[in-house]
Amino acid sequence: MPLIELIDVVKRYKIGEQEILALDGIDLTIDQGEYAAIIGPSGSGKSTLMHLLGCLDTPTSGTMLIDGIDVSRASGNKLSEMRNQKIGFVFQSFNLLPKLTVLQNVELPMIYAGVSARERRERAMVAIERVELQNRVKNTPLQLSGGQMQRVAIARALVNNPRIIFADEPTGNLDSRTGANILQLFRELSTGGCTIVLVTHDAKIAAQTPRRIEIRDGKIVDSESMDPLLSGQAQLTPTK
Amino acid sequence: MQQVGGIEQVSVIPQEPPEEQQLFADTSPGRTVKDAESIERSAPLISSVTPVSTLGGCAIHRGPITIRGSVDGCWPSYVEINKHNVAVGRNLCDLDLEEAKRVCVIGKVIVDRLWPEFPNYNPIGETILLNNRPFTVVGVFEFYEREQDKRRRQLAQEKANAKATPTPTPAKKRSGRSSRSTPLGNIPFLAKNSTIIIPISTMMFEFKSASVVGGVDQGPNLKLDALTFQVADINRFQEALAQVRRILTETHRTVEDFAFSTREEMFDAIEQNIHETRMSGGLIAGISLLVGGIGIMNIMLASITERIREIGVRRAVGAKARDIFVQIVVESAVIGFIGGLLGLIASAAMMKLLIYISPGKNAPVVELDNVLISFGFAVVIGVLSGLYPAWKASRLDPIEALRYG
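Protein chains in written order, with full-length UniProt numbering: chain A, 1 to 240; chain B, 1 to 405.
Honestly, the hints are just simulated from the structure, not real lab data.
Straight line, CA to CA, 20 Å or less: simulated EDC-like cross-link-like pairs of lysine to aspartate or glutamate:
#1 A:K14 x B:E400
#2 A:K14 x A:D24
#3 B:K352 x B:E147
#4 B:K208 x B:D225
#5 A:K99 x B:E306
#6 B:K83 x B:E142
#7 B:K392 x B:E306
#8 A:K78 x B:D397
#9 A:K14 x B:D397
#10 A:K219 x A:D27
#11 B:K34 x B:E250
#12 A:K138 x A:E119
#13 A:K78 x A:E5
#14 B:K192 x B:D225
#15 A:K219 x A:E19
#16 B:K392 x A:D57
#17 B:K223 x B:E206
#18 A:K99 x B:E331
#19 B:K392 x B:E331
#20 A:K99 x B:D323
#21 A:K78 x B:E400
#22 B:K34 x B:E206
#23 B:K34 x B:D257
#24 B:K208 x B:E37
#25 B:K83 x B:E40
#26 A:K14 x A:D57
#27 A:K78 x B:D323
Label pairs and their in silico Cβ distance ranges:
#28 B:G376 x A:D8: 52 to 60 Å
#29 B:K392 x A:A113: 19 to 27 Å
#30 A:G76 x B:P364: 47 to 55 Å
#31 A:T191 x B:N298: 50 to 58 Å
#32 A:G76 x B:R403: 16 to 24 Å
#33 A:P210 x B:R403: 23 to 31 Å
#34 B:R403 x A:Q85: 20 to 28 Å
#35 A:P98 x B:I287: 33 to 41 Å
#36 B:V366 x A:E129: 53 to 61 Å
#37 A:E129 x B:Y388: 40 to 48 Å
#38 A:H201 x B:G376: 54 to 62 Å
#39 B:K159 x A:P98: 53 to 61 Å
Don't be surprised by glycine CBs; every beta carbon is placed ideally from N, CA and C.
Please work from the sequences and hints to get the whole structure.
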């Protein structure tokens, strides 16, 4: 069952007089439980694609279904709700709130979901245990190492039980060993049934994921790492 | 205001009669005791009236001491109308008036000056000489002073008493000295404190039965120097004046040689002053609030600029634009709340200081609704000045906010 379905999605930006075609007719399906990587050089449109998939933006034209809901023309509030309920983000620069403790950071999405304080705490603790940071609950992000911060961010992404997790260069700010640990964590989450989409420019990282979606100049040029013969074809069935 | 008499007090003053009455102006006897009697008898809207005949530059003797002062001959109602209070002894009475007795009620300053060797002397029954005629002191007026002076004096006395508890004798001396050492020029209400009153009949018999001008006796001078009355009901002020006018027109044989001097103008001016002071106070408060509001707004704008990334993160994890808006407004309201609280504490402290500096009845009155209103204003200003920054913050594009910095 497709979790994300993009049909002929186009995204144009206007910067002054100049119009930039960031995404040029994207057709893409991502199924429940997939672990995929979006790869492409900078300026290829991969960030734009991730913003669209992550409901931070809407396409100029085309249809985008997330978990069966058409968000291609959704309002700002609807997008907020989607981000809150269906999507978890992990960023390259962690994006934790520096003044809040680890626990408060992880609780943050649930505040906007309207979860009661007690349940927030319980669920945040579960998520923190999942990334094995239960002994740093009271610390603030600045007292943590990069890898720990990223694990807090992952716990925050997980805490609302989203349908899909987007990770934008999650290892970009980490040394290779902690980066490997984080990827290992993603792999475990994937095995546990999470749908995860990594965005990276690093072919080595992309090689570790079962599926690879390569984007260049706003078009998907390859969406199946397992079978290079299918390159150029936009819509594909998942690897199994 | 209390010391000079209220708005209900009106004086009849002489006035040049109008031109068309000049021919028969001399038929008017002027202000006489008869006017006062007529008003008392025939004007129900007037609560009390007194004629006043003044003897200026009167020599006042007591033993070796001679001072000069002015003596008022009047009715007992003089005390009430001029807001005097008899502290010791009694007021003049009708019998004094009827029998033209040589009695007087004198002010505290007169007592202090006639008996300088005895502080707080009680001179009831003593005889003083007014232009060499003996008068018995039957009463002493209270000492009139400004409220803050009164408070200060009481405080000083309390302090002196507290110090004096082990040795009471020097304390007495000290308090005595302090009350006497006050230089006369500095006494407020000096004129009022120097009042001497005698029955008007005595005044007429003793001092006004002959008026010598240029060595020729002009006969008795029965004209009054003042005629003062008090309106019973301030709401029927004009009506009362009309009543008195009718009576006086009768007694003055239709000659309009009198006018009324009311304190209305004075009170109007005072009220205008109070109003203006309040207005300017309100204006200053308004400007302060405006400036404070702009300050809060600036702080909030700086704060959101600093926290663009935080706003991006919050948006990314599912905060709606409305959530961001509410967050900023609430923060701004909290600033207003804390500011209001600090303001209340500061004003309470300032008020303590003010009461300490200027004791007396002008101590500020603190009412709960005033406190609540000013506090509420602080919070409202906080909210209002948070609206624009909040609107700005809520309009941030999440993607750009995340990229910021």
